[in-house]
Amino acid sequence: MTKSNRLYNDLAWTFPIISKKEDYIEEGEFYTAKIREHSRIKTNTLLNLGSGAGNLDWAMKMNFDITGVDLSPDMVRISQKANPEIAYHVGDMRMVRLDKQFDAVIIHDAINYMLTPDDLKAAFITAHEHLKPKGLLITTAEEWTGHLKQNRVRHQVETKDNIEIVFIENYYDPDPNDTTYEGTFIYLIRQNGVLQIETDHHVAGIFPLPLWSDLMKEVGFEVIEDRFTHSEFAEGEDYPMFIGIKN
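Quick note: the sequence shown uses the working numbering, first residue 11, plus one each step.
Wrong hints could be hidden among the right ones.
[Unchecked claim] No more than 20 Å apart at the CA atoms, straight line, and that leaves these computed lysine to aspartate or glutamate pairs for EDC-like:
#, residue 1, residue 2
1, K159, E228
2, K142, D75
3, K131, D188
4, K52, D171
5, K131, E228
6, K170, E32
7, K30, D129
8, K31, D171
It is worth saying that the hints were derived from the structure and are not from the lab.
Keep in mind it's a predicted model, so treat the numbers as computed, not measured.
Modelling step: build the complete structure from the supplied sequences, incorporating the hints.
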């Protein structure tokens with residue numbers, strides 16, 4: 011049986027190879043601009059819930075004093091190495107409490123791992139608890155009910171020193187009537203030409219878009235809906251983005 015979430019555990023060492031921090035510059039500039047556009051207060055401090063390998067932090071740290079939280083100790087170690095000036099904490103975005111408030115909170119693609127409406131709401135509560143009055147939350151839905159293309163496949167080939175990785179992703183929803191879908195990853199890793207094949211299984215959440223804004227409003231946010239765009243997207247493609255202002 012394929013093990014789960016290995017990209018964030020024993021295969022975390024592959025993450026900086028298949029997801030280079032330089033690839034996040036455009037995204038970091040986009041989120042920085044949106045935070046500046048919608049903030050009601052001066053924004054200096056930023057909490058990243060689900061900070062992963064620290065790539066987005068690396069792209070945004072020249073604009074904000076960032077604190078990161080991630081569930082995976084392996085990812086926290088990688089992010090700390092990439093951004094030694096940033097404080098990182100191991101924690102679950104649904105329940106972590108840092109006893110500190112920030113001007114803004116970002117929940118990047120780790121929001122995908124909220125599997126139920128209660129999980130999603132808990133993450134929004136955590137963001138709300140960590141924001142100063144009129145502080146801003148920004149998050150994006152990468153998949154939503156009715157949008158997922160069954161058996162979507164993408165791949166990439168990345169190299170670093172004597173390591174080459176072919177990374178293949180497949181996404182499938184075995185039960186469109188529930189709130190989850192699955193991702194299966196295959197890694198073809200060649201070190202000095204010697205092939206190693208690894209597989210990995212992930213479960214992510216998928217919800218109707220109105221639920222996102224409804225839950226944010228229940229928690230105590232004024233909700234602004236926007237769109238996330240990127241130069242690598244196909245023409246006309248974008249993601250729904252939700253911005254919450256703490257009431």
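Structure-based check of all given hints:
A threshold of 20 Å between alpha carbons decides the hint, and for K159 with E228 the separation of about 30 Å lies outside it, so the pair is violated. Straight-line distance between C-alpha atoms of K142 and D75 comes to about 15 Å, which keeps the hinted pair within the 20 Å bound. A C-alpha spacing of about 17 Å is found between K131 and D188, which places the hinted pair at or below 20 Å, so the restraint holds. Annotation: proposed proximity of K52 to D171 is violated, straight-line Cα distance about 43 Å (limit 20 Å).
Proposed proximity of K131 and E228 is supported: the alpha carbons are some 9 Å apart, at most 20 Å. Between K170 and E32 the alpha-carbon distance is near 14 Å, which keeps this suggested pair within the 20 Å criterion. In summary, the hint linking K30 to D129 is not supported, as the alpha carbons are separated by about 29 Å, beyond the 20 Å threshold. A hinted pair counts as satisfied when its Cα atoms are at most 20 Å apart, and K31 with D171 qualifies at roughly 17 Å.
Violation of the numbered hints given earlier is confined to hints 1, 4, 7; the remaining hints are satisfied by the structure.
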